[in-house]
Amino acid sequence: MTSIHPTITPSQLVDDYTPAPVVRSDVVYEGRVWDVVQEEADLGDAGRVTRDFVRHPGAVAVLAMRGEPGAEEVLVIRQYRHPIGAQEWEIPAGLLDVDGEPPHEAALRELYEEADLRAGRLDLLIDYASSPGGLSEQLRVFLARDLTDVSEDDRFEREEEELDMPTGWARLDDVVDAALAGRLHNPTLLMSCLAARAARDAGWAPLRAPDTPWSVHPAFAPKQ
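Going by numbering that gives the first Met the number 0, the first residue of the sequence shown is number 0, and it counts up by one from there.
In case anyone wonders, no lab produced these hints; they're calculated from the structure.
Glycine is no exception: its CB is placed at the ideal position from the N, C-alpha and C atoms.
Keep in mind that the hints are not guaranteed to be accurate.
DEER-style ranges, computed between Cβ atoms [claimed, not checked]:
#1 150 / 42: 51 to 57 Å
#2 179 / 9: 23 to 29 Å
#3 41 / 70: 34 to 40 Å
#4 68 / 22: 42 to 48 Å
#5 180 / 131: 22 to 28 Å
#6 13 / 219: 16 to 22 Å
#7 149 / 10: 43 to 49 Å
Required output: the full structure, derived from the provided sequences and hints.
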């Protein structure tokens with residue numbers, strides 16, 4: 000057994016969101032959805048560092064699930080992502096760009112708009128920071144069950160890249176197998192399905208309430 004690294008206890012397994020003091024902050028590129036900023040941060044004894052990153056409003060995603068225990072299926076959608084030049088299998092997701100809209104309501108809206116589904120039950124599945132080395136995005140994923148189809152005359156009219164997106168049901172275990180085999184690459188799809196299988200194997204006990212406070216997102220952190 001190696002001994003040069005200390006043992007981390009369960010109570011220590013929590014990220015410490017204590018931002019370093021920002022000495023300077025400039026917008027170096029103003030985009031349609033998000034900006035690129037350059038900030039100089041004071042790290043104390045480690046000195047000052049300058050970092051460029053994308054300032055992102057955050058997003059939500061929703062893993063829609065149906066089926067019998069042990070044979071669950073999840074809804075996947077196929078969408079073209081130009082930065083990587085790929086048609087990816089994903090799950091419904093969207094930006095937190097509606098003022099005052101709680102994250103769990105945004106997730107239900109995305110499920111309606113992208114998948115023509117409504118959920119009778121919604122649970123919080125997992126939170127994650129998409130790419131903390133260069134992107135400020137925080138993303139929250141919900142698990143939607145007890146699903147019903149939206150009637151044809153009440154469906155959202157999709158456009159642009161969301162128009163005619165292929166959709167379908169895939170077995171949860173098949174998605175996990177495909178992820179582990181390197182055939183799927185979308186991080187939200189991978190993390191949500193791996194988390195869902197882990198939660199399922201634990202009898203769904205790890206799931207949290209959909210309106211659980213989101214303390215790491217500056218727009219939704221509890222007010223002091």
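Here's how the hints hold up against the structure:
1. 150 / 42: 51 to 57 Å: Distance hint for residue 150, residue 42 holds at roughly 56 Å.
2. 179 / 9: 23 to 29 Å: holds, 26 Å
3. 41 / 70: 34 to 40 Å: Given about 54 Å between the Cβ atoms, the range is violated.
4. 68 / 22: 42 to 48 Å: Between residue 68 and residue 22, where Cβ atoms are some 54 Å apart, the hint is violated.
5. 180 / 131: 22 to 28 Å: holds, 27 Å
6. 13 / 219: 16 to 22 Å: The hint (16 to 22 Å, Cβ to Cβ) holds, given that residue 13 and residue 219 are roughly 18 Å apart.
7. 149 / 10: 43 to 49 Å: holds, 44 Å
The structure does not agree with the numbered hints 3, 4 stated previously, though it agrees with the rest.
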